[in-house]
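Protein chains: 2
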Amino acid sequence: MRNIKLTIEYDGKGFNGWQKQPNKLNIQGEIELAIEQITGEKIELIGSGRTDAGVHALGQVASFKTNTDISIEKLSMAINSQLKKSIVIKSAEEVNNNFHARYNCTGKRYRYIINNSRSGSAIYRGLEYHMPVKLDYGKMKEAIKYFEGEHDFKGFKATGGKNKTTVRTIHKAEISKDNERIIIELTGDGFLYNMVRIIAGTLVDVGLGKINPDEISTIIDSKDREKAGKTLPPHGLYLAEVYYE
Amino acid sequence: MRNIKLTIEYDGKGFNGWQKQPNKLNIQGEIELAIEQITGEKIELIGSGRTDAGVHALGQVASFKTNTDISIEKLSMAINSQLKKSIVIKSAEEVNNNFHARYNCTGKRYRYIINNSRSGSAIYRGLEYHMPVKLDYGKMKEAIKYFEGEHDFKGFKATGGKNKTTVRTIHKAEISKDNERIIIELTGDGFLYNMVRIIAGTLVDVGLGKINPDEISTIIDSKDREKAGKTLPPHGLYLAEVYYE
Chain A
1499 MRNIKLTIEY DGKGFNGWQK QPNKLNIQGE IELAIEQITG EKIELIGSGR TDAGVHALGQ
1559 VASFKTNTDI SIEKLSMAIN SQLKKSIVIK SAEEVNNNFH ARYNCTGKRY RYIINNSRSG
1619 SAIYRGLEYH MPVKLDYGKM KEAIKYFEGE HDFKGFKATG GKNKTTVRTI HKAEISKDNE
1679 RIIIELTGDG FLYNMVRIIA GTLVDVGLGK INPDEISTII DSKDREKAGK TLPPHGLYLA
1739 EVYYE
Chain B
1499 MRNIKLTIEY DGKGFNGWQK QPNKLNIQGE IELAIEQITG EKIELIGSGR TDAGVHALGQ
1559 VASFKTNTDI SIEKLSMAIN SQLKKSIVIK SAEEVNNNFH ARYNCTGKRY RYIINNSRSG
1619 SAIYRGLEYH MPVKLDYGKM KEAIKYFEGE HDFKGFKATG GKNKTTVRTI HKAEISKDNE
1679 RIIIELTGDG FLYNMVRIIA GTLVDVGLGK INPDEISTII DSKDREKAGK TLPPHGLYLA
1739 EVYYE
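Going down the list, the protein sequences come from chains A and B.
So in this note's numbering, the last one in the first sequence is 1743, and the numbering has no gaps at all.
So in this note's numbering, the last one in the second sequence is 1743, and the numbering has no gaps at all.
Next up, chain A with everything else stripped away, as it sits in the complex (with noise of 0.2 Å):
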């Protein structure tokens, strides 16, 4: 039995999300079907984690078993060629047995994409979220350090999803301006539900100034989902990497 990791690039427009549920178009169940039309194998996909209905992946990854011959160099054109244009595996690589894409995934890095200009983009609507308020990049810069580290996230988290313990680290976490985009990048070793949209929405009440930077650690002390930002919409963020050792 061989067994296949694949890094995954898709546009989350459209999807009810990652995973696999039956009568709404979901990433991990077409690609599933993909593989299974060139092997003829029913596998089993499994991903680092699930992503949320909306929410893109510029590197996400899955891993299955197969006992196909088709060579690794191949492999991912073929599955393409089966997928639908908003999925693309961007490489095929043969792994470990035991490797498990969510088991031995010891991080993850998140971008979320904010376009700041009053009238947004014509271009890149749906693949970022629009504040037309000007908001005031030199306190979300200083506010954002203060996410760095380890915290209990509690109340960062929306309700549902069960976890032990609702403690994180955050290895880095980055904010730049790209003309009209201001984009937020968290890397950690694991993000609970919703918590880079929740941070990226408290970061813009910093920006609006309805928080200041120095408050965010009594905020993330409090643990009070109340005193957070509000969940910005699932389209400005993407799942950029997956870590492993």
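Warning: the hint list may mix true and false statements.
Heads up, the list lumps identical chains together, so a pair's fine if it works in one copy or across two of them.
Here are the computed lysine-lysine pairs in the DSSO-like style, where the Cα-Cα straight-line distance is at most 27 Å [claimed, not checked]:
1. K1728 to K1583
2. K1708 to K1675
3. K1583 to K1632
4. K1632 to K1572
5. K1662 to K1639
6. K1675 to K1583
7. K1522 to K1503
8. K1572 to K1708
9. K1632 to K1582
10. K1511 to K1725
11. K1503 to K1632
12. K1583 to K1540
13. K1721 to K1643
14. K1540 to K1582
15. K1522 to K1637
16. K1518 to K1643
Treat the hints as calculated values from the structure; they're not laboratory data.
Take the given structure of chain A and dock chain B to it, following the hints.
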């Protein structure tokens, strides 16, 4: 009579280009209609020039005359409220009555985006040209400099379109890399029909090893369309900026 200059972004997908034509969806006609809806006047919108079907714009410029008393601050938002999401007025400004978006244009900047990864992109698939065969970026960088300066670009022009002269000056010809993307940027006093897409196609031939960088000058001097590369598709092309004195 007020004279208004608009800066416009659009996603060219689905449009039959800038120019107004009966029974075909076009950008000029859509904006004229939106302006009529908010001012009650039939206006004539003068663009800096046409863009072909499928070509995008980040900064197209157009102007129109109006008697409306809507303030310049509110005008672009009012027009946007009547437009499809794939067209956005980025800004509106009041200009001198003599200003003419086409006649006063002193130059343009175009961008062509090539995705040079094997699989292409799921997210940006309609916004770049996919070339799966690995291109030699160093050679393309060497070649692009030969396009700078004043040349007779007769060989880099599609048939059709009337021009008194085919001599044009490219002030700046630049190429850059952003992960799997190769981005070509050309700034010049004017461009012939399909000229940017033919230059990009010729640079792809250089990247494929079909043309040597030092052959570019000979190809330009030959004025022979057959010697240049093929015309790349419109969905990789962006009118990035239009210049005025």
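Item to check | Identical-chain pair category, K1522 with K1503, by Cα at 27 Å | outcome: Within one copy only: 25 Å inside, 46 Å across.
Checklist entry - With identical chains treated as interchangeable, where does the CA-CA distance between K1721 and K1643 reach 27 Å or less: within a copy, between copies, both, or neither? => result within (18 Å within a copy, 58 Å between copies)
Next on the checklist: Checking an output row: K1583 and K1632, CA cutoff 27 Å. Within, between, both or neither?
Outcome noted: between (35 Å within a copy, 21 Å between copies)
Checklist entry - What label fits K1662 with K1639 when the C-alpha limit is 27 Å: within, between, both, or neither? => result For K1662 and K1639, the Cα distance exceeds 27 Å both inside one copy (31 Å) and across copies (53 Å).
Next on the checklist: At most 27 Å between alpha carbons: which applies to K1583 and K1540, within, between, both or neither?
Outcome noted: Close inside one copy (22 Å), not across copies (41 Å); limit 27 Å.
Next on the checklist: Regarding K1728 and K1583, is the shortest C-alpha distance of 27 Å or less found within a copy, between copies, in both, or in neither?
Outcome noted: This pair counts as between: shortest inter-copy Cα distance 25 Å, intra-copy 32 Å.
Item to check | Up to 27 Å CA-CA - K1572 versus K1632, copy category | outcome: between (48 Å within a copy, 16 Å between copies)
Next on the checklist: One pair to classify: K1708 and K1675, alpha carbons no more than 27 Å apart. Within, between, both, or neither?
Outcome noted: within (21 Å within a copy, 39 Å between copies)
Item to check | Intra- versus inter-copy proximity for K1643 and K1518 (alpha-carbon distance at most 27 Å) | outcome: neither (36 Å within a copy, 51 Å between copies)
Next on the checklist: Treating 27 Å as the Cα threshold, decide for K1675 and K1583: within, between, both or neither.
Outcome noted: Intra 30 Å, inter 24 Å, cutoff 27 Å: inter-copy only.
Checklist entry - Is it within a copy, between copies, both, or neither that the alpha carbon of K1522 lies no farther than 27 Å from that of K1637? => result Neither way: K1522 and K1637 sit 41 Å apart in one copy and 47 Å across, limit 27 Å.
Next on the checklist: Cα distance capped at 27 Å. Does K1632 pair with K1582 within a copy, between copies, both, or neither?
Outcome noted: between (37 Å within a copy, 24 Å between copies)
In summary, the structure is inconsistent with hints 5, 10, 15, 16 from the numbered list given earlier, while agreeing with the others.
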